[in-house]
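Novice: Chain by chain, the residues:
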Amino acid sequence: MGGDKEKSIIEKFLEENVLFLGPDPEIMEDHSVVPTTPREAEALRTFTDPDQINLVRHKLQTACNESFDMVEQMGAAPGAKWGDLISGVWTANGDLAMASMGGVLIFSVLTQHPVKFILKYWKDDPTVGLKDGDIFMHNDARYGNIHNTDQSLVIPVFHNGELVCFTGAIVHEGENGAIEPGGMPSAAESPFDEGLKMSPIKVGENYEFKRDIMTFLQNSVREPKLQLEGMKSKFFAAMRMKSRVEDAIAEYGVDAVVATLRKTLTDTEAEVRRRLACWPDGKVRTNVFADGTLRENCLIRIRCELHKQHDSLIIDFRGSSPEFLNRPNNTVLASLKGMLAQEFLSFVWPDLPRNQAVFAPMTVLTDRKSALHCSPDAPNAQSMMTFFPGFTAIQIGVPKFLYSSSHRATDVIAGWYNMIVTFLYGGINQYGELVGNVCADLNGMGGAARWNRDGEHSLAPIFAPMADIGEQELIEEEVPLIKIVPHRLMKDGEGFGKFRGGHGYQQIATMKDSSMWGFMCCSIGSKFPTTYGIFGGYGPGSLPLCKVKGVNVFDVMQDSRDLMRYTIPEIMNERPFSGAKYSTHHMGLQLEFAQPGELYMITQGGGGGYGDVLERDPALVAKDFLDGLLSMRSVQEIYHVVLDDKTGAVDVDATEKARDAERQMRKARGKPYHEFVKEWETEKPPRDVPFYGSWKDRALIYRGSPDDTCPADDIRSVMMPNPKDVRIAELEAQLEALRGGADVERANRRS
Amino acid sequence: MRRVSVDIGGTFTDCFLAYDSRYVEAKALTTHHNLAAGFMEALGKACEELGESVQTVLANVDAVRYGTTLGTNSLIQRNGPRVGLLTTAGFESSVPLMRARGYGDGLSDAEQTDLPGADRPVPLVPIPMIVGIRERMDYKGVSALAVDDEDVRSQVRRLVDQGAQAFVVALTNAVVNPAHEIEVERIILSEYPTHVLGAIPIVLSHRVAGRKAEYSRTMSAVLDAYLHDQMYHGMSTLEIVLRQNGYKRPMLLVHNTSGMAQLNSTHALQTIHSGPVAGLEASNYLSAQFKEPNIIATDMGGTSFDIGLVTADGVKFYDFNPVIDRWLVSTPMTYLHTLGAGGGSIARYDRLWDAVEVGPASAGSDPGPACYGRGGKLPTTTDANLVLGYLDEQNYAGGTIKINKRRAERAIDEHICKPAGLSLIDGAKAIKRKVDANMANAIFKEVAVKGYNPKNFVILSYGGGGPIHACGYASRLGINRVLIPPFSSVFSALGAGNMDGLHIHEKSLYLMLYDATRRTMLEDFTVFNETVAELEQRGREDLARQDVKPEQIKIRVELDMRYGNQLAQIGVTSPLSRLASMQDVITLLDRFSVNYAQRFGEGSQAPEAGVRINVIRVVSYVEHERLDLRQSTQRTDEKPKPTSQRQCWFPEISEALMTDVYDYQAVREGMTVAGPALIETPRTTYLVEPGWTLTMGLSGSAWLVKA
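If you're matching them up, the sequences are chains Y and S in order.
Reminder that position 24 of the first sequence reads as 23 in numbering that gives the first Met the number 0, one-by-one numbering, no gaps.
Reminder that position 97 of the second sequence reads as 96 in numbering that gives the first Met the number 0, one-by-one numbering, no gaps.
Among the clues, some could well be false.
Selected chain S positions facing chain Y (Cβ under 7 Å, derived; list incomplete) [said to hold, decoys possible]:
(1) D113
(2) N172
(3) A436
The hints are simulated quantities; they were obtained by calculation from the structure and are not laboratory data.
Bear in mind that the values here come from a model prediction, so they are computed numbers and not experimental data.
We treat Cβ as the ideally placed atom computed from N, Cα and C, and that holds for glycine.
Sequences and hints are given; from them, build the entire structure.
Specialist: Given below as structure tokens:
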């Protein structure tokens, strides 16, 4: 048998004997736009006038926005209500060509994958097929989207038997039956702890959901009501958009729609390339560290090199941390790309349209089985813990290019705060319903300082403009969660600089009127800041989770109202409730049941600063001081401003002297760069800090110890011990030591 | 009927005077320094046309009705009092943070998506003027922490020391149980009683807004406090001027709820945007008079394009959380969508799409379109209209504004034609086409998102720019009939003259009609019935204060209902004002189901997830005598004679067409003009596009109909 024939037989056998259709790397690792098909080329020849195409585009854009409104209105998930969703139109090839103006822009780049999976595997499969009236859903992030809490729904749009496009929506639904309520389990140790795992699946035909599948899905989650409402809202929004596409076909012809979708993608990519070409060529390197896995403290390196050449950008993350096989902080490569696209869509070129072509000119390099390109065996429910730092790595690098670019679409900024500091919750609400979800407070991330002015306080999450932190009264109406302090600006919670970052806020939560209620948190940055300043500006501080347990503050305060404090530092420093237990932790809190009146406290971080603190206008320092945003210590020791603590009046001469003195001190502290490097640099990472990622050589990856390494092109996944086992071992060692001591003492006594 | 109605806009003060069977319209420039001056000038012109003195008219009219932008101006100029805010301790940052998303409230889509460039507005209440007081009410209205008298006193003193000129008290869950807000008011009054000179006005949030949501309710109260003095003094000045001229009755203020009330029954917040709402109310009435049940009301001015809906099913569309200036508030305002599209909208070439874009940036009236010659260099919609031949360079706006065609050509050539590679005419056509498409898309979304088919509607076009573009955007929507209403240039003032006395009171509550978890229906109707009764009583008191007799008062009960935990709260007009049986509950569920399906599609309803009432709203009103908009003159079948001809270009026709130009006075009731044609009035131009025909109707109205 000839070699070719044998090869063909083997390929045929392998093709026919697939165990199951898991995530397809060919789909998942390719973020480029599908090349123009003959059908599209024909349409583009027929329908050529750019102004006419613009009219069709505007019509379809209106449809996307209309359906976005529908999902937001009809959705029951907190995420839907604050706009954690997107609705759009995909080409017949599965590329997202148009999306709603609002919502989470990460989805712009990573919703294509499930649609392409449907086209590749189900369209021609006789047991599934793709026909008019079909409804498909999906939520497993390994097949696309960000994490399993996001559910997508698409329907095909046919015209005279021709598949014209898909319409649909993706929503962060929250609860999904994972090991912890709320949909983003930080306790997940395998993908099987992460709840519902829909690969792209047909859930309805003839424009109707199949009741058996609907029931299966409802049966798989803690909130069957939410599942039902979520599916209906996405479906009817997709139907509305389908109807609008049909209107456009009726008005302009099917070629017009096909041509418009294609040209939208082509023009977008061309525009991004034109803009990139305005940047100077060169390389910028950044390093960012995640300080934990949400279960334990450690240092996870995100290594980034941005290489701009002509009209393309290579984003190189090779040398970053290995994946954690039993922690959920791993990122699927496609999710990483989605988050990186966010930088360009929101922070560099917010005027660009929302579609996947925006990211097409970028190349992303990663090591397989790294934390930013994890294998399907690694859980990813908390991928934000690595891809948000990945985002920051490029966000603090891009200004180096923009600074001297001939084209800017918005202000150059420092690092935006990047963590989802909020409470997830689960339990029985005041109406006896089992609920689990996430609070909207994550949407108040502190804005970065700008090149010419301060950052705004708690403005928006890094993944969506116009996101809402909600109204406490409406939250309390649905769940038994009471915020003693819902959002209170945090003193000194900024990245200092000539222009300071915006502040974050503190939140003090408790529970009332529930028989069972638990809190969770899922943020890093309690030991090492997660975002940074630029051009001399500071990063914000690191922020812990604080708890006051063993007390019902409502009972105590009935008699002693003055006991309550309304800031975390006051509560933790003054400890006003006698007998209570006060503690601080990193912000990775797995589901912990709370008693009524116990306090859980976290702080949303601030944005990074821009420029040298000594150049900050003293009047701005004084204003922040009077607004309660800045302590006198920071006034004096960071900004070196002298002011009256009652009136805020600045002593100009004294300030100038103080600043001159600090400049002299800086010179005294300074040393030549090579001396600094000599003192600073070590051959290996420190032994006392569990370090993950490359150190000097990006080809060699450290796995938590200076003695444990693997090559970057053959990463061995990390397995972390259970923190409880670690703690038990520590306690046993202490017990052993005590016993040993006692034995020695006994032996001594005996002797 | 004898009635004066005045609408004060940013540029013009419009007056509509109904004096027995005679209706007169007049305009004057708005006098921002003293609104009474413009008011009296407009009224003077109307009286002059009537042949009566102002004093005679004012002494004999039943009512003076007044819509004003005074409040909006005060917000823009930031000249309100220094407001001190007392809020629940822990909630001090709620107002400064504006729910995070508030940075973008009141801005365009493009501005909202630009996060690095985002700036919150200068605050109405700076951080040092916000204090927290120790108290807490839970979601059910149970006090979790009582008000601390000493704490309140010390915080109030702190605010006074910092110069507070007005207090706002906004405490958590006060709409469910206002006891703590009332207690704080009592304490403040004990410190600063009303009869002393140092008295400081106090606004309690639950009295301004009845809905849960602490930020938007607090902002409602803040705006109320901020605008109160300005509004009160402005109104009082006007009232004095009216009294000096012989008017003896109370002045009526137009509300943004589509009703009106006396000064003593009006919150400042209720007057914002009252002009456009009055226009929509006029559309509502016109719908009945002209027997056109489905109307899309469009008002195109210099910078904006307002869209409102009148539907055959009588559904009232409200915006419960409107944005006023840059502030999200909680007040039921008649819903209007405003698009940044007007004569001043700036056109540009978009490199990305190789196409022409228009708006939302606007040249406004200063510097205005390039053709105005006031420094504007960028091409606008008006410039395109001039180049295409629709406007008369020698007789624009009745000759009151000089325009220069050469400037318009230069701007379009420089900014559109050169980069796009288009001829001058093609560039101007592209602008016209895009403006029409923008307006059509906005209308489509507004109508479709509410579940209606635009093709079943007639377009009502008023405002200075509307009648030039009406054929264009109607064509794109597939709508074949456009009505230009009587008195179209003072249509909002006409609307003010046609409103009822009306008050809306609402209250948040959590009332499950169907509990999906327990699978139970509402059986105890006490809360529903008592809430409606309480709100009815408040409405009756408002109207009684204005001398309305109890038997004249009518009541409408509206419910905001929702499935499960959805965000969507659909307003349902309840056929019942009291619940007495399970059948009544089913009736409400059915009514809600119908409304929901209309908006989101049949089958989208989700009663399986539970159904609840979130807000009960009671509309208390007294009907006033209405205008007759069907007054007929002598109909004629004669052909009107054009005054001139000029070449005009149209987007879908390659060559210029010689177009007849008519003076509006020559086109009388019953006359028909086939397109292409232009009908010029002193205030606007009607463009009859090819394929369309204009027929003059009753009371100076005009129909544009596409063959």
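Novice: Grab the minimum C-beta distance from A436 (chain S) to chain Y and call the hint holds if it beats 7 Å, violated otherwise.
Specialist: 5 Å, holds
Novice: Can the hint on D113 (chain S) be confirmed by a CB-to-CB distance to chain Y that is less than 7 Å?
Specialist: For D113 (chain S), the interface hint holds, since the closest Cβ of chain Y sits about 4 Å away, which is under 7 Å.
Novice: Can you verify the interface hint for N172 (chain S): is its Cβ closer than 7 Å to any Cβ in chain Y?
Specialist: Nearest chain Y Cβ about 6 Å off; hint holds.
Going through the hint list in order, the structure satisfies each hint without exception.
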